[in-house]
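Asker: Residues per chain, in single letters:
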Amino acid sequence: MPEPILAARGLVVELGGRRGLFRRAPAVRAVDGVDLAVASGETFGIVGESGCGKTTLARALLGLQREAAGEIVLEGRTVSGHHPLAARRMRAAVQYVHQDPGAALDPWWRVGRTLAEGLAIHGVTDRAEQEARIAETLAAVGLDAAMAQRYPHELSGGQQRRIGLARILLLRPKVVILDEPTAGLDLSVQAAVLRLLRELRARFGLTYVFISHDLSVVRRVCDRVAVMYLGRIVEEGSAATLFREPRHPYTRALLAAAPHLDGRDTGPSLPGDPPSLRAVPHGCRFHPRCSMAIPLCAAQDPAPEPAAPGHTVACHRWRDAPTEHRDAA
Amino acid sequence: MSAAATRLLRDPVSALGLAIVLFAVFVAAFAPQLAPYPEDAYESHLLQRLRPPSAEFPFGTDNLGRDILSRVILGTRSALAVALSVVVAAMAIGIPVGLFAGWRDNWVSDVLMRVTDVFLAVPQLILALALGQLMRPGIETAMVALALTYWPFFARTVFAETRRLRSALFVDALAGIGARPSRILLLHVLPNALPAVLVRATIGMGFTILTAAILGFLGVGAAPPSPDWGLAVAEARQHLPEAWWFPTFPGLAILLLVLGFNLLGDGLRDAADPRLRRSRR
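If you read the sequences in order, they're chains P and C.
For the first sequence, this note's numbering begins at 719 and goes up steadily by one.
For the second sequence, this note's numbering begins at -2 and goes up steadily by one.
The hints are simulated quantities; they were obtained by calculation from the structure and are not laboratory data.
Treat the hints with care, as some may be off.
Selected chain C positions facing chain P (Cβ under 10 Å, derived; list incomplete) [stated by the list, open to error]:
#, residue
1, Gln30
2, Pro33
3, Arg163
4, Val168
5, Leu171
6, Gly173
7, Ile174
8, Leu184
9, Pro188
Note that the coordinates shown come from a computational prediction; the quantities given were computed from them, not determined experimentally.
Glycine included, every Cβ here is placed at the ideal spot set by N, Cα and C.
Kindly generate the complete structure, drawing on both the sequences and the hints.
Answerer: Here is the structure:
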């Protein structure tokens, strides 16, 4: 694998810790020891159930959430261990597109003013240059320059998404973290947004970190995929092999539970809800819900091990799993 | 904003409030021109003491023979000026406190909000009276006392709005593109909190006029011979029940202006209600 553009080693992020005058709230570990490496130019998917730490991981990579331990390396430079403001400045090459880009715009500001603000924060204060860059970027995301005069509530869902993209593309990022970029869009708009993302990646030489729980979308657009469960990455590999030969029981269950458009029966869904982060199970985090769990699973936390070149699994029993070859959907 | 304004004017009660407030502002602006005897602010005419309302003196005259209508008109200006300066001063203290305490989540914000709660727990009038007694009695003292007792209301309002907006997605997105907290607070959080602050300020105007009149009545506020409404009511006490017009008209002026501000404030609150403001988003 070539030198990664963005990498994390042993990343731990704690949430909710608070030190008040009289109260002291304990923290939970939303991300607990994540290693990942994103290669330049690829689309790296992160999938998992709601609450598994995907968004927290993204916010930590971005620098909005300070890491409790571990290291983040951007283009060969260590950029972790700083206060959020300083961390954001060092990681200007990484930008984040929110799940709900409409709510990410100040409702009282015209879209154009919001776009210009990003440029002003990044030191582009000349009005003429701002306007030229905004017009150019709006064209790149397929919007009319007149859109800049609108208020956020006057835009459709697809337009809001495009504005959200334009807002960060103006800052000339190298890595873009996309949080559920297709959530809440109907299928035709979804396809248009995915096509736009592909075009923009080629045009601006972007690397994507693609967070989603929509497995069919991830399968279509991602080069490599990491599966997260309760703050850990349990399986990571190329999208092609991971979807064809899932090794981890959790990945299998996720894939089996995904609905099929062609009318095939959906497999058994996962029993129960993911446990709370306040009470992470001993040993393997997944063992209370795993159909293949053995006593070892409750006693010992499995370390990630290579199952194939470029494919790692954190499970005691991945070798014993029946190798099923899933046909391409 | 225009949608909110339309909603405000469509409600007859709040439109009435707005009309009263605008009328008071007009009267205050042109008080010397409108008052039939503008010099009566300070001059006394002992030969025409305590005349009942007539064509010459529609509201009658007071114990020093001054035209009460003129003094009510001239008093509008000081009533509004006092209320406005008190509210502005209270905002100048309360808004920064609320912004800071709402934005941060540490022991400093805890201390600030507990101090605010203590101020809110003590009745404002008692606190203002105590402060007024500590300092030299006078209208300036009353204003300082009122401002020092009204800021916690703004601090509470802005604190709640800041807490709500702090977790808003657009604030997170701004932090995401590297905006400094000062930029987020002043350019984004404060304008979004402004409707609530405006409502609080309008209601505060009415409340301050009333409290200032009470302070004047109790002798902690304006000093004679200034044409203060509360003071006029206090001076009239010795001449009751014969000279009923003496306290009635200044009292009605207080009532009308306080009512106007309260109706307008309630209307603004309804117009700025988040459930009705959906079209903004």
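Asker: What are the numbers of the hints the structure violates, in ascending order?
Answerer: 1, 2, 3
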